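Residues per chain, in single letters:
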Amino acid sequence: DAGVTQSPTHLIKTRGQHVTLRCSPISGHKSVSWYQQVLGQGPQFIFQYYEKEERGRGNFPDRFSARQFPNYSSELNVNALLLGDSALYLCASSSPLSRTDNEQFFGPGTRLTVL
Amino acid sequence: AQSVAQPEDQVNVAEGNPLTVKCTYSVSGNPYLFWYVQYPNRGLQFLLKYITGDNLVKGSYGFEAEFNKSQTSFHLKKPSALVSDSALYFCAVREGNFNKFYFGSGTKLNVKP
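Residue numbers (our numbering), protein chains in the order written: chain A, 16 to 130; chain B, -9 to 103.
Hints are not guaranteed to be accurate.
Derived DEER-like restraints, expressed as beta-carbon distance ranges [as the list claims (entries may be wrong)]:
hint: 1; chain 1: A; residue 1: 86; chain 2: B; residue 2: 2; range: 15 to 25 Å
hint: 2; chain 1: A; residue 1: 128; chain 2: B; residue 2: 7; range: 17 to 27 Å
hint: 3; chain 1: B; residue 1: 72; chain 2: A; residue 2: 30; range: 39 to 49 Å
hint: 4; chain 1: B; residue 1: 95; chain 2: A; residue 2: 76; range: 21 to 31 Å
hint: 5; chain 1: A; residue 1: 84; chain 2: B; residue 2: 60; range: 45 to 55 Å
hint: 6; chain 1: B; residue 1: 18; chain 2: A; residue 2: 75; range: 16 to 26 Å
hint: 7; chain 1: B; residue 1: 72; chain 2: A; residue 2: 24; range: 24 to 34 Å
hint: 8; chain 1: A; residue 1: 92; chain 2: B; residue 2: 46; range: 38 to 48 Å
hint: 9; chain 1: B; residue 1: 2; chain 2: A; residue 2: 85; range: 29 to 39 Å
FYI, nobody ran anything at the bench for these hints, they're computed from the structure.
What you are looking at is a predicted structure, and each value in this text was computed from that prediction instead of being measured.
By construction, the Cβ of each residue, glycine as well, lies at the ideal position given by its N, Cα and C atoms.
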C-alpha cells in the first residue's frame, strides 16, 4: 500500500507570492491534518479536515487555508508568503476521526523556501 | 491545554548501551501519548503509543516507553542502541477526539560506534 504522498517535494517562492501544497492520504483514510515544521522545532498543527469539513485549526493567520476533496486528498494554500513561512510542511492521515487511539501517518513533506 | 516537553536537545550514547529519551506531558483529561522518529529529509514515522492499560508500551524497532502518571512522564527507551537509531525523536500528545497532535521540540539521538 502506498503511504501518504505529498507534492511537490521542494518549492522556492518569493515574498508575497502564493503557494499550493498537495497531499494524498493513505487509501481508506478520511482524515487529513497539516503541520508546519520550522527548522529545529517540532511540527505545529495547522489544520485538520475530515469528510471535507474543517475539524480543527491551529494558531495560524488567515493567509493559511486548506480544503479536502471528495477523494479525501487535500490542498494547503498560503497567500502573501513571508520569509517566516519557510518550513517543512507535513501532511498526515488517519482513519476514523472518533478513534482516540489512532496514530497519524505522515508524508515525506514539502520543503518550502521563501526568498 | 495539552503540551509535551522534551528537556534534552541531544542525547549521546554508545552503540550497545541502553538509551533513554525523556518526555513530560501536561494534559487535561486522559493522556494519549505518542513517539515518532524523523530521519533527515523524511517525514515522521510512528514508533509507539500509550492510550490506556499497561504502563510499559512496546513499539517498533525494539523501542519501548514507560508511562508514569505520578511524574507525568513518557520516556522512550531501548535496551541496546544501534548506530542506525541516530535520528530526531518527537514526543506528542493528542487532543481529545481530534487528530490534533502537540509535538515536543524534539531530541536528537546520536549513537556512536
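Outcome of the hint check:
1. A:86 to B:2: 15 to 25 Å: violated (46 Å)
2. A:128 to B:7: 17 to 27 Å: violated (38 Å)
3. B:72 to A:30: 39 to 49 Å: holds (43 Å)
4. B:95 to A:76: 21 to 31 Å: holds (22 Å)
5. A:84 to B:60: 45 to 55 Å: This hint holds: roughly 46 Å between Cβ atoms.
6. B:18 to A:75: 16 to 26 Å: Holds, at about 23 Å.
7. B:72 to A:24: 24 to 34 Å: holds (28 Å)
8. A:92 to B:46: 38 to 48 Å: For residue 46 of chain B against residue 92 of chain A, whose Cβ atoms are near 43 Å apart, the range 38 to 48 Å holds.
9. B:2 to A:85: 29 to 39 Å: Hint violated: Cβ distance 49 Å, outside 29 to 39 Å.
Going down the numbered hints, you'll see the structure goes against 1, 2 and 9, while the others check out.
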